[in-house]
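A.B. asks: The chain contents come next:
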Amino acid sequence: MATTTAAAAAKMTGTTAIAVSLALSGCVVANAFRQKKQFYPSVVYICKSNPSMAVMYMQALVAVYFLGKLIGKLFFGQLRAAESERLIEKAWYAVTETCLAFTIFKDDLSPKFVALFTLLLFLKCFHWLAEDRVDYMERTPVISYVFHIRIWSLLIFLTVADIYFVHDAYTTTVAKGPSVQLVFGFEYALLITLVATAAFKYILHSVDVYSDTFWESKAVLLLYLEFFIGLCKAVMYVFFLVIMVRTFTVPLFAFRPMYHTLRNFKKVFQDLVLSRRAIHNMNTLYPDATIQDLQVIENVCIICREDMTAAAAKKLPCNHIFHTSCLRSWFQRHQTCPTCRLDILRPAPITPVETERRPMHRAAQPSTTVPANTHSTADLGNRQGSSIGNRPSGSQTGSRVNNQIPQNFTFKPFNFQQQAPNNENNINNNDPNLNNGLPLHNINESLIQLMNATRLENGNGFGLPPFMNNTEQSNSNLPFNTVPPVPLNFPFVGGVAIQSPHMPPNLDALSDDELRHLEQNTRQACVDRIKFLNDIKCMLDTAAMLMNHYNSAHIISGVDDSDTFIDIVKTSKVTENNEQLETEPSNNISSDIDFNTSNSSNEGTSSSSGSDDQLLPEETEQQRVIRLKRLEKFSNSGNNST
Amino acid sequence: MRYRYNTTNLNGCVIRIFFPPPPYLELTLNPPEGIIAGPITEENYFEWEALITGPEGTCFEGGVFPAKLIFPSDYPLSPPKMSFTCEMFHPNIYSDGRVCISILHAPGDDPMGYESSNERWSPVQSVEKILLSVISMLAEPNDESGANVDAAKMWRENRDEFNKIAEKLVRKTLGIPTNT
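The listed protein sequences correspond, in order, to chains A and B.
Using my numbering, the first residue of the first sequence is number 1, and each one after it goes up by one.
Using my numbering, the first residue of the second sequence is number 1, and each one after it goes up by one.
No lab work stands behind these hints: they were computed from the structure.
One or more hints might be untrue.
[Claimed, not checked] Heads up, simulated BS3-like pairs for lysine-lysine below, C-alpha to C-alpha not over 30 Å straight-line:
(1) A:Lys176 to A:Lys106
(2) B:Lys172 to A:Lys124
(3) B:Lys172 to A:Lys73
(4) B:Lys68 to B:Lys153
(5) B:Lys153 to A:Lys218
(6) A:Lys90 to B:Lys68
(7) A:Lys124 to A:Lys73
(8) A:Lys315 to A:Lys218
(9) A:Lys73 to B:Lys81
(10) B:Lys68 to B:Lys164
(11) B:Lys81 to A:Lys69
(12) A:Lys112 to A:Lys218
(13) B:Lys153 to B:Lys168
(14) B:Lys68 to A:Lys69
(15) A:Lys267 to B:Lys168
(16) A:Lys73 to A:Lys112
(17) B:Lys81 to B:Lys153
(18) A:Lys36 to A:Lys48
(19) B:Lys164 to A:Lys266
(20) A:Lys90 to B:Lys172
(21) B:Lys172 to B:Lys68
(22) B:Lys129 to B:Lys153
(23) B:Lys129 to A:Lys267
(24) A:Lys124 to A:Lys106
(25) B:Lys129 to A:Lys315
(26) A:Lys124 to A:Lys176
(27) A:Lys124 to A:Lys112
(28) A:Lys90 to A:Lys48
(29) B:Lys168 to B:Lys129
(30) B:Lys68 to B:Lys81
Model the full assembly from the supplied sequences, consistent with the hints where possible.
C.D. replies: Take a look at the structure:
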């Protein structure tokens, strides 16, 4: 009978449930009176008979349910669809978890216990509804006085109830030892955090509602609130788990909410840390948008679709522009660019870890770095022109070469060109003065001068690579003597440019920032690298110019032994391509690298190499073989790389 | 939200007026083909109703499907929720009508565990884009998503049966009695 009643009550709604339960309990009471005739015997009879008790329980449940509904109506008015949906979902979880809790406390199972759990469930429902209602404040257009009164009275009622039950549970546990009251106490303590959240949110929302302007820091406050509440909950769950395991057994029923709480807390914590970092990045590193930038995107922030002013808009590293406030609220959730999803924490270095030794304007804005570099290169070109133009011999050609030097040399041809004379010179090392009376010493000096200029240009922020320092110190007569024979590739450069940090004893102890710094991922390291590359480029330009100058000096001095050189090339079976590579510096001068033309360019290079050949008429067969091998090797490496 | 200002009515209550969010204007001024959408009431811009026509050349062709969009209070930072209010049978629509596509999921929350983050919600998305994605979802269901496993299975294994059910639904939305 009880089961059918329960099933019917569960299915039927509203009045039918009341009617059925009333009728049934009426029947039971009437039946008892008919049999026992008097009040007390009837009560005893009903209490003794299980089916009658079941009916009475059902009746009580229905009565409580409708009482709850009535109080709900008093506090909330008509529930919205979304609210009741959420309520049913949460209540379902709460009921299943309560059933799990029954398994642990089956000894305590009594009507009082069931009643307490029912009460807890109802109070929980009110807490959830209060939470929903407070959240709804943000969206509803009209907030009446009734709403405020309801929320206030509800929050006070819930707080009082929670504190009373926590206190009750505490005293019972202290007086009678651990029992099911432990669970109640814990649950109500959790509910207190819920009420606290709702109250704080209510205050924040109220302030927001009655302020006419958009309250930006509200979101930050909400995030902090969530963090602290999450922290409280997490600590509570851990305590509860420890106590339960020590006194009873593993509280299975608390695992799901515990998992959710801990996961939420972790997420909030991450959000808090990452968003703080992202917002800090935004405030310190990213430039304000300029008026030109804004015009390109028609002045509209694509997040809120309102107009932007230059002062209130920020430009991300990916060149997307948004309102600062829009970005701030987005960064509290996700630290990516809203448009292209660039992770703004990953590529962008955090605050400069080292103290700046360089002028600030260089490091201030990443976008200005590149133009600044090109500018300095151009500057340098002028300096090169002036310094070489001062030279007594071949000043005409010097200035001509300078004018024609392209600013953007490709890297590879240069290596080749640097090394070809290098090897020649290595072979000729024994007698450098045989260089046909050309003032090589002067050239070398000018090179050193240039390097000094370069260093000055870069504010001496970091040392030139060691080999360049060597050039200076040794004061060699041959400018390319100490250039490393291997092609300069990027990793090598990077390795030299930035001093490798000392290995810290304990990597685990380092903070994220320190690790990032260790990785040379910082802004400082990046700036250093770019500067160093710039220096290399400058040195290469210088080298190219000197080579050209050297060539033209040969032409002027009337040495022309191209036949000999061509002979060598033929005998060594160097490919056509190789020859083109050989001739490249002259091509570069016309700033238009063309691998297929070798008309006029042959002249310059061949004369230079050829003159070397002529200078050593007594070259032994062994040296000749070595040279051929080297030529071949370089032609191969040149081919490979092209 | 930015779309609001406060005013006080005769009884002293604060009334907040929500401006029509610009996506609304966009949609009403030049609606994309096959979409009608707008707030249900003038006072609440956070609940929208949309009518979506089934894309041509698919089994949903000709149908007009009503749907509801619920915007969160922090829109556009969080995605709206969308659910069809008519009966639907589709691999990416739950049996209660909720739509499960990646554009409606915030990055980091992936109910089905297969979506890449670059199709997720971001504040630059608009209602129009959502509705267009829904239309393309109707045309090309993603049978890896398990929002409606029965529909996904049928879509993969028994396309004719799926088409029949879809046709029935289309007829139902148009109010045409089904043949069977």
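A.B. asks: If a hint holds in the structure, say so; if it does not, say that too.
C.D. replies: How the hints compare with the structure:
1. A:Lys176 to A:Lys106: Given that 30 Å is the threshold and the Cα spacing comes to 18 Å, the pair holds.
2. B:Lys172 to A:Lys124: violated (41 Å)
3. B:Lys172 to A:Lys73: violated (38 Å)
4. B:Lys68 to B:Lys153: Since the Cα atoms of Lys68 of chain B and Lys153 of chain B sit roughly 26 Å apart, the hinted pair holds (cutoff 30 Å).
5. B:Lys153 to A:Lys218: Status violated; Cα separation ~47 Å.
6. A:Lys90 to B:Lys68: holds (23 Å)
7. A:Lys124 to A:Lys73: OK: Lys124 of chain A and Lys73 of chain A at ~16 Å, within 30 Å.
8. A:Lys315 to A:Lys218: Answer holds: Lys315 of chain A to Lys218 of chain A is near 24 Å, not above 30 Å.
9. A:Lys73 to B:Lys81: This hinted pair holds, its Cα atoms lying about 27 Å apart.
10. B:Lys68 to B:Lys164: holds (25 Å)
11. B:Lys81 to A:Lys69: holds (28 Å)
12. A:Lys112 to A:Lys218: violated (44 Å)
13. B:Lys153 to B:Lys168: holds (18 Å)
14. B:Lys68 to A:Lys69: holds (28 Å)
15. A:Lys267 to B:Lys168: At roughly 45 Å apart (the allowed maximum being 30 Å), Lys168 of chain B and Lys267 of chain A break the hint.
16. A:Lys73 to A:Lys112: Holds, at roughly 27 Å.
17. B:Lys81 to B:Lys153: holds (25 Å)
18. A:Lys36 to A:Lys48: With Cα atoms ~13 Å apart, Lys36 of chain A and Lys48 of chain A stay inside 30 Å; holds.
19. B:Lys164 to A:Lys266: Not satisfied, since the Cα-Cα distance of roughly 47 Å exceeds 30 Å.
20. A:Lys90 to B:Lys172: violated (34 Å)
21. B:Lys172 to B:Lys68: holds (18 Å)
22. B:Lys129 to B:Lys153: This hinted pair holds, its Cα atoms lying about 28 Å apart.
23. B:Lys129 to A:Lys267: holds (28 Å)
24. A:Lys124 to A:Lys106: Holds, because 22 Å separates the two Cα atoms, which is no more than 30 Å.
25. B:Lys129 to A:Lys315: It holds: about 25 Å lies between the C-alpha atoms, which stays within 30 Å.
26. A:Lys124 to A:Lys176: Since the Cα atoms of Lys124 of chain A and Lys176 of chain A sit roughly 26 Å apart, the hinted pair holds (cutoff 30 Å).
27. A:Lys124 to A:Lys112: OK: Lys124 of chain A and Lys112 of chain A at ~18 Å, within 30 Å.
28. A:Lys90 to A:Lys48: violated (36 Å)
29. B:Lys168 to B:Lys129: holds (28 Å)
30. B:Lys68 to B:Lys81: Given pair Lys68 of chain B, Lys81 of chain B holds - Cα atoms ~8 Å apart, limit 30 Å.
Checked against the numbered hints given earlier, the structure breaks hints 2, 3, 5, 12, 15, 19, 20 and 28 and satisfies all the rest.
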